[in-house]
Amino acid sequence: MRHNRTIIQALVGATAVTGGMITLVPAAWATTIPVACSESALVSAVNLANSTPAKDTLALASGCTYRMTSSHGGLADALPVITTPIEMIGPATISRASLLPFRIAEVSSTGDLTLTTAVALTNGSALGDGGAILNHGAVTLTGSRLSGNHATGNGGGLANADTPSGTAPAATFTNSPVSTNSALLSGGGIYNGRRGTLTTTGVSGSPMFMTGNTATLRGGGIAAVSSTATTLTQTAVTANNAALNAGGVYRQGGTMTTTSSPISANTTNNCVGSSPAVPTCTG
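Residues in the sequence shown are numbered from 46 upward in steps of one, following the working numbering.
None of these hints come from the bench; they were simulated from the model.
Yeah, the Cβ is synthetic: ideal placement off N, Cα and C, and Gly gets one too.
It cannot be assumed that every hint is accurate.
[Unchecked claim] So the derived label-pair ranges between C-beta atoms look like this:
#1 100 <-> 312: 23 to 31 Å
#2 108 <-> 209: 38 to 46 Å
#3 212 <-> 304: 38 to 46 Å
#4 313 <-> 92: 32 to 40 Å
#5 136 <-> 300: 20 to 28 Å
#6 249 <-> 211: 34 to 42 Å
#7 310 <-> 229: 33 to 41 Å
Starting from the given sequences, assemble the full structure and let the hints guide the process.
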């Protein structure tokens with residue numbers, strides 16, 4: 046007996062009807078979802094992806110800037126809260142385009158957000174932690190970017206949420222610069238909170254840059270506070286600022302490893318005030 050299986054791609058921003066019937070994607074199938082260049086199409090795509098447990102890929106419109114004019118994840122988030130594995134593929138930009146403050150994305154403890162091929166999150170503005178992303182689950186950036194985001198709490202670009210128990214948040218950055226973000230507390234670029242893990246990686250001769258980020262307290266580039274592990278490999282943390290100290294990297298407890306990762310030219314200093322000290326960092 047010959048068995049035929051039809052693979053259906055859900056088109057967001059368009060309606061596809063075959064033979065007068067609307068076909069639903071089976072819950073167990075991973076799907077690639079082309080996303081038209083509009084706020085409503087992106088929100089619909091995230092909601093569709095969240096509706097199934099399988100990993101879905103959102104193929105963002107090439108070169109599009111998704112201008113988010115209102116929040117769709119409660120009052121706090123431009124996108125619906127990510128609750129399942131979702132990958133977004135660029136090149137594209139997702140940016141807040143409103144006077145109202147809201148971050149770009151929040152990832153729940155069951156969520157897993159991957160940004161691949163030049164996806165940029167910009168102009169997020171969180172009342173609390175995580176100007177671009179607040180992470181309770183897993184976040185992976187590859188060849189993507191967080192820039193120009195702000196948080197009134199910790200983590201202007203990304204915050205691994207302080208998590209006393211349960212799923213520990215994890216963030217991985219590969220060749221994904223973090224720049225010109227700001228936080229009123231700690232971690233202008235990235236905040237790696239309680240029990241969190243953070244891994245950043247560049248390539249030989251072309252490091253991943255963390256630059257131009259600012260924090261009012263500590264860790265203009267990165268603040269790791271009671272986190273499980275922070276691992277920096279071929280990552281340049283430079284020209285960041287913290288008003289109190291540790292303009293580059295601030296460490297309070299936890300394991301930290303730095304390999305071929307210069308921490309330099311930060312103000313007021315590079316890592317003063319950290320306890321234990323930041324490996325290989327002076328000044």
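These are the hints, each one checked on the structure:
1. 100 <-> 312: 23 to 31 Å: 42 Å, violated
2. 108 <-> 209: 38 to 46 Å: Holds - the Cβ-Cβ distance for residue 108 and residue 209, about 42 Å, lies within 38 to 46 Å.
3. 212 <-> 304: 38 to 46 Å: 27 Å, violated
4. 313 <-> 92: 32 to 40 Å: 45 Å, violated
5. 136 <-> 300: 20 to 28 Å: With a Cβ separation near 35 Å, residue 136 and residue 300 fall outside 20 to 28 Å, so the hint is violated.
6. 249 <-> 211: 34 to 42 Å: Between residue 249 and residue 211, where Cβ atoms are some 37 Å apart, the hint holds.
7. 310 <-> 229: 33 to 41 Å: Distance hint for residue 310, residue 229 is violated at roughly 23 Å.
The structure does not agree with the numbered hints 1, 3, 4, 5 and 7 stated previously, though it agrees with the rest.
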